[in-house]
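> Chain by chain, the residues:
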Amino acid sequence: MDPVPSREIADMSGQAALPRKNGELVFDEAWQGRIFGMTVAMSHEACFAWREFQAQLIAEIAHAEREGESSSYYERWLHAFERLLADKGLLDEAALAERTLDFETGRRDDVL
Amino acid sequence: MSRAHDEHGHHHREPESVLSLRVRALESLLIEKKLVSSEAVDRIVGAYEQDIGPHNGAKVVARAWVDPAYRQRLLADGTAAIEELGFGGVDLQVVENTPGVHNLVVCTLCSCYPHSRQSGTSRSSTAPARYGSRAWCCASSASTCPRAWRSGSGTRAPSSGTWFFRNGPPAPNA
Chain A
788 MDPVPSREIA DMSGQAALPR KNGELVFDEA WQGRIFGMTV AMSHEACFAW REFQAQLIAE
848 IAHAEREGES SSYYERWLHA FERLLADKGL LDEAALAERT LDFETGRRDD VL
Chain B
3 MSRAHDEHGH HHREPESVLS LRVRALESLL IEKKLVSSEA VDRIVGAYEQ DIGPHNGAKV
63 VARAWVDPAY RQRLLADGTA AIEELGFGGV DLQVVENTPG VHNLVVCTLC SCYPHSRQSG
123 TSRSSTAPAR YGSRAWCCAS SASTCPRAWR SGSGTRAPSS GTWFFRNGPP APNA
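Top line first, the protein sequences correspond to chains A and B. Residue numbering for the first sequence follows our numbering, beginning at 788 and increasing consecutively. Residue numbering for the second sequence follows our numbering, beginning at 3 and increasing consecutively.
No lab work stands behind these hints, which were simulated from the structure alone. Errors might be hidden in some of the hints.
As the list claims (entries may be wrong) - Computed list of chain B residues with no C-beta within reach of chain A, every gap over 10 Å:
no.	residue
1	Leu23
2	Ala27
3	Ala42
4	Asp44
5	Glu51
6	Asp53
7	Pro56
8	Lys61
9	Asp69
10	Tyr72
11	Val96
12	His104
13	Asn105
Stated by the list, open to error - With a cut-off of at most 20 Å between alpha-carbon atoms, the simulated SDA-like pairs for lysine to any residue come out as follows:
no.	chain 1	residue 1	chain 2	residue 2
14	B	Lys35	A	Asp874
15	B	Lys35	A	Glu816
16	A	Lys875	A	Ala817
Just so you know, even glycine gets a beta-carbon here, dropped at the ideal spot from N, CA and C.
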C-alpha cells in the first residue's frame, strides 16, 4: 500500500518549505527525489522524528545563508540528513566518502 | 572527515553530478544497513509527487460537477465532504462563483491584500482596480505566493456582481 503523505512534511513552512511549482513538489534532478524519499522513509521507520530532521534542515539553511553559500535547497537537505544520521550513529562519514569514491571511479555502479 | 567538509565540519557546494553520486552512495549504504529499501523510497516519492498539489482538489471539484448532492454537501461542509473522498487534515470552506458572486482568494500575508487583513472576508461591489493586470497581486510571482489567484493568467474579470475577498493560507515562504 502506498504511503499517505504527511501534512507535517508537506506543510513545512518558512525557508524549510518544500520547493513547489503550481502547488506540486519539484525535484529538478533524480537525486533530489531519492534523498527526499530516503529521509521520509527513515522517519517512517522511526529512525528519527520528523521534527528532528526539520530542525537540522533549518539549521543547515541558516548556516548556508550566513556563509553566503549558493547551494540549492536539496543540497542543504542532503547535508542536514547526513549530519542527523551521523549524530544518531547511523552513518559513518568515512564509509560514505569511500563509497562515493567507488561510484566516482566506477568500481561500483549499482546501489544494491 | 570527508572532503566535502571544511575544517568546521561544514559542507561546500559541489557540482550536481558529484551530489548525485554521493546520494547513490548514501542510498547503497543505508540499504546495506537495512535502514531503507529502494522500493520504499520509490513508493514515497511517487506518493508525494502524486498526492501533493492540485490533484486532490481537482478530484473533489470533478465529483461536484457530476454529483449535485455531493456539490451541496461540499458547499455546506467542505471539511466533511472531502473526508468522504478520503482527504482530510485541513479545515476547508468551499465557495462557489456564480454570475453575481465572485470569490477571490488572497494570500493572507501579501502586501497587495486589497482590504483589511484583519477580516477573514471582505466585500465589494466592484472588481479590484488592478484585477486582470499582470502586475496585480502577488500572483504574478508564483515563486513567492504560488497559492494566490493567478490574475495574470488571462482570466477576465466580470464587471458586475459582488466580490468577496477571502483569506487564503499564508504564503508558504513568508
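> Evaluate each hint against the coordinates.
Checked hints:
1. Leu23: violated (4 Å)
2. Ala27: violated (4 Å)
3. Ala42: violated (5 Å)
4. Asp44: violated (7 Å)
5. Glu51: Incorrect as stated: the minimum Cβ-Cβ distance to chain A is 6 Å, not above 10 Å.
6. Asp53: Given that some Cβ of chain A is not farther than 10 Å from that of Asp53 (chain B), nearest at about 5 Å, it is violated.
7. Pro56: violated (5 Å)
8. Lys61: About 14 Å separates Lys61 (chain B) from the closest Cβ of chain A, which puts it past 10 Å; holds.
9. Asp69: Holds, because the least Cβ-Cβ distance between Asp69 (chain B) and chain A comes to about 24 Å, which exceeds 10 Å.
10. Tyr72: It holds; Tyr72 (chain B) is separated from chain A by about 22 Å at its closest Cβ, greater than 10 Å.
11. Val96: At roughly 17 Å from the nearest Cβ of chain A, Val96 (chain B) sits farther out than 10 Å, so the non-interface label holds.
12. His104: Correct as stated: the minimum Cβ-Cβ distance to chain A is 22 Å, above 10 Å.
13. Asn105: holds (18 Å)
14. B:Lys35 - A:Asp874: holds (16 Å)
15. B:Lys35 - A:Glu816: Measuring from Cα to Cα gives roughly 25 Å; hence the hint is violated.
16. A:Lys875 - A:Ala817: With a Cα-Cα distance of about 26 Å, the restraint between Lys875 (chain A) and Ala817 (chain A) is violated, given a limit of 20 Å.
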